[in-house]
Structures are given as C-alpha cells and as structure tokens.
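S.K.: So the chains spell out like this:
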Amino acid sequence: LAKTTQPISMDSYEGQEVNITCSHNNIATNDYITWYQQFPSQGPRFIIQGYKTKVTNEVASLFIPADRKSSTLSLPRVSLSDTAVYYCLVGVTDKLIFGTGTRLQVFP
Amino acid sequence: GAVVSQHPSRVICKSGTSVKIECRSLDFQATTMFWYRQFPKQSLMLMATSNEGSKATYEQGVEKDKFLINHASLTLSTLTVTSAHPEDSSFYICSAPGTGTRGYGYTFGSGTRLTVV
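Listed in order, the protein sequences are those of chains E and V. For what it's worth, the working numbering labels the leading residue of the first sequence as 168, then goes sequentially. For what it's worth, the working numbering labels the leading residue of the second sequence as 14, then goes sequentially.
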C-alpha cells in the first residue's frame with residue numbers, strides 16, 4: 168500500500184481557492200488516487216478520484232502530474248462549509264485505509 | 014445514490030454493559046461492510062470487515078470477542094461493543110464499498126458517538 172503524506176492543517180478564507188497536495192512517491196502503476204472529505208461528527212464522503220492528468224467534478228478538481236508521485240486537490244472559492252478534514256488515499260484494493268488527512272479551516 | 018443508515022447516532026452506556034450499533038444499506042445490497050473507530054482529532058482506524066453469511070475479519074490488535082460483528086443479511090451489519098469501558102468511548106463508523114473500482118464512491122454511515130460512563 169503506497170504511503171501518502173499530506174499537510175496536517177491548512178487555513179484559508181472564504182472565496183479563496185485551496186490546493187491540498189498529497190505526496191505518494193511509491194504509487195503503483197495500477198493505483199488510483201482518491202480523496203474523501205469528513206465533516207466533524209460525520210462519516211467521510213467521496214469527493215473525487217483520478218489516475219492521471221486532471222479530473223474535475225462539481226465539487227473539486229484533481230491534478231496529477233505525469234510522474235504521479237503527487238496529486239493536488241483543488242477546491243475553488245471555498246466557503247465556511249468546506250471546513251473539514253480531507254483524506255488522500257492511494258493503492259486501495261478493497262478496504263479504505265485512512266492516513267492523517269489535512270484539516271482545512273476556512274475563516275470568514 | 015447509495016445510503017447507509019447508521020443507528021444510534023449517539024449512545025451513553027454504563028461501564029460493563031453492551032451496546033449494539035446497526036448499519037443498514039437502504040437502497041442496495043451490501044455484501045461487505047467495513048467498521049471504523051475514530052478518536053477525537055485522529056484519523057479513522059479500520060477495525061474489521063464484515064461479510065454477509067461469514068465470519069468477520071478483524072484487523073490486527075482488535076479484540077474480536079469484545080467487538081462482535083454480525084452481517085446476517087445483505088442489508089444489515091451490526092457491531093456490538095461488549096462489556097464496554099470508558100476507553101471504548103469513541104466515534105464508530107460503518108462503510109459499504111462503492112460500485113466503482115479501487116476506493117471509488119464508498120458510502121459511510123453517519124457515525125455513532127459512544128460514551129461509556
């Protein structure tokens with residue numbers, strides 16, 4: 168299972184774009200990169216998944232460079248409700264193993 | 014989309030008693046359910062994997078006699094914390110796999126906050 172490294176915490180203000188980078192130097196050829204979001208006292212929810220280049224959905228964008236050793240979750244124009252913990256997962260087979268995640272705090 | 018209903022959302026019990034937590038898949042069949050525990054300000058820790066009709070698989074260090082898991086039907090998995098103690102106080106969350114591959118779209122319950130007094 169590829170190890171991931173993320174910043175422990177990040178602060179932002181409403182309306183700003185937030186980029187959270189995840190390092191996964193030992194990613195395997197067939198591994199996908201998946202991000203989950205967890206609000207306080209709730210179960211996590213799936214945000215986005217990608218394999219290479221760029222993926223975009225209604226919530227976020229995921230940028231993956233050619234070497235795939237890192238990935239960046241981009242949240243456009245965050246609001247207070249985006250305050251949460253964001254987890255980067257790599258190398259999932261069947262069960263999700265969560266790392267420490269990045270605690271994002273959005274201020275007014 | 015897929016929904017996993019988890020109950021109760023919050024429970025307080027006395028030390029030495031048992032508590033049952035239920036997770037139901039509402040609009041799909043979940044042959045597998047994952048159970049996590051989360052302490053304050055920490056990440057989710059996988060405790061065990063339940064499979065419908067067979068014994069659960071526990072992660073290393075998790076006491077299977079203390080955390081009883083039953084997956085009796087395709088829509089119901091339960092976790093029973095037996096002889097609960099204050100150190101078992103935590104946030105327990107269940108999750109069903111998504112229909113995609115490799116981590117895509119797993120559905121989580123809303124969690125159960127257990128407080129043992």
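Warning: the hint list may mix true and false statements.
Unchecked claim - List of simulated lysine-lysine pairs, DSSO-like, C-alpha gap at most 27 angstroms:
| # | chain 1 | residue 1 | chain 2 | residue 2 |
| --- | --- | --- | --- | --- |
| 1 | V | 27 | E | 262 |
| 2 | V | 33 | V | 77 |
| 3 | E | 219 | V | 33 |
| 4 | E | 236 | E | 170 |
| 5 | V | 77 | E | 221 |
Just so you know, these hints were derived from the structure itself, not from any lab.
S.K.: Of all the hints given earlier, name the ones this structure violates by number, lowest first.
M.R.: 1, 3 and 5
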